[in-house]
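**Student:** For reference, the chains in residue letters:
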Amino acid sequence: MHEMGIAMQIVEIAIASIPADLKNAQVKKVNIKVGKLSAVVPESLQFCFQIAVQDTPLCDAELNIEEIPLRIRCTDCNVEWVAHEPVFLCRKCNGKSVKMLSGRELDITSIEVVDENG
Amino acid sequence: MLEFIYKNPRNFHHKDFQKPHHSHNSGGGSLGGKNTDTREIKIVRKVLDVNDTIAHQNRELFREKGVFVINVMSSPGSGKTAILVKTLSHITPKIRWAVIVGDICTSNDADRLSGFGAPVVQVNTDAFGGDCHLAAHVIKTAADNFNLDNIDLLIIENIGNLVCPAEFDMGENLRIVVLSVTEGEDKPLKYPLMFRVCDAALLNKIDLLPYLDYDREAAVQNILKVNPQMPVFELSAKTEEGFDSWVEWLMQKLHGK
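Chains H and F, in that order, are what the protein sequence lines are.
Using numbering that gives the first Met the number 0, the letters of the first sequence correspond one by one to residues 0 to 117.
Using numbering that gives the first Met the number 0, the letters of the second sequence correspond one by one to residues 0 to 256.
Treat each hint with caution, since some may be false.
To be verified - Not the full set, but computed from the structure, chain H residues with beta-carbon under 8 Å of chain F: (1) H1; (2) I12; (3) A38; (4) I67; (5) F87; (6) L100; (7) S109; (8) E111; (9) V113.
In short, the hints are calculated from the structure, not lab data.
None of these values were measured; they are calculated from a predicted model.
Virtual Cβ for every residue (Gly too), placed ideally from N, Cα, C.
Kindly produce the complete structure, drawing on both the sequences and the hints.
**Tutor:** In structure tokens form, the structure reads like this:
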């Protein structure tokens, strides 16, 4: 539901990251990481991104979303696994003390830019 | 005094935070046309770091002023306001409190909470485009309405929504999620982030259990699957059953025990 705000933030960060020496830069791709547990629906974010990029140097940009799995480690027995369900009990010892290693990401990692005037 | 740097997400200058560093990747040919030169520019930033930065400032300000802040979240209609009214009736006047209430529209909740004579600020997010959650900059602005020196406990009643508010830190000390027995037992598994990021869960409307086919144990177990060490308080804002242990827990946290 908040994907439009997130799409606008992505566009904002991407525009601010275009090097000053590229006068007619067009962003062709924006690479982001979205964790499995983040409250973002990739399809919805794609849809909003297409609207948010209008009339910006990102108007032709593709949003490349890398989905990051929910990876958990038990702090008691150190077993590590990728969770396909949001269950934070150790799958081996049933321990309650676990650490989330990945799955909360909502990060912009890079943009790919061309200078149309070379 | 902290500087209020955030005005509007549209005119925020990200360059203030981190200069991007460049890596050269000349793959121009694949894009055709003129002398195109593709560069990949590494950024590595959290998309929400504007919010997180302001949340951090809020947290520092609240800590400096000795204000304990809780963020209460739930789906619409689970009884957040009713719980707060009853909670406040237990702690007034011992604790000096204030409330920030978020809603997309209306001031109904603020009206219900303002009967104690303590300050209540209503935030209607339609002014921000009908946002489905409160964010750190909204709290920063709303907190300007209070004299924080005179407040022990600031309660943020978030907008009814189990999805988006979970992503937005506002500078609070504790996050509380309310689930009511008129919602499905599997809600924690459907909205895991919310139950994962919260510090306590309140299972509300237990006075209705005799009239429902509700598996209370399954609901609690589902909460504990997502957050195995989270305290769960079963209570009724109507009858006040279960309120003593919830209020006692909250007061312990407020007093840093």
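**Student:** A separate judgement is required for each hint: does it hold in the structure or not?
**Tutor:** Okay, the hints, checked on the actual structure:
Hint status for H1/H: holds, given a least beta-carbon distance of 4 Å to chain F, under 8 Å. Interface restraint check: I12/H against chain F, minimum CB-CB distance 5 Å, threshold 8 Å, status holds. Among the interface hints, the one on A38/H holds; its C-beta lies about 5 Å from the nearest C-beta in chain F, closer than the 8 Å criterion. With a cut of 8 Å, the hint placing I67/H at the interface with chain F is violated, because the nearest CB-to-CB distance is about 13 Å.
Because the beta carbon of F87/H sits about 6 Å from the nearest beta carbon in chain F, less than 8 Å, this interface hint is met. Hint status for L100/H: violated, given a least beta-carbon distance of 14 Å to chain F, over 8 Å. Hint status for S109/H: holds, given a least beta-carbon distance of 5 Å to chain F, under 8 Å. Hint status for E111/H: holds, given a least beta-carbon distance of 5 Å to chain F, under 8 Å.
Below 8 Å, beta-carbon pairs count as interface contacts, and V113/H has one with chain F at about 5 Å; its hint therefore holds.
Checked against the numbered hints listed earlier, the structure breaks hints 4, 6; every other hint is satisfied.
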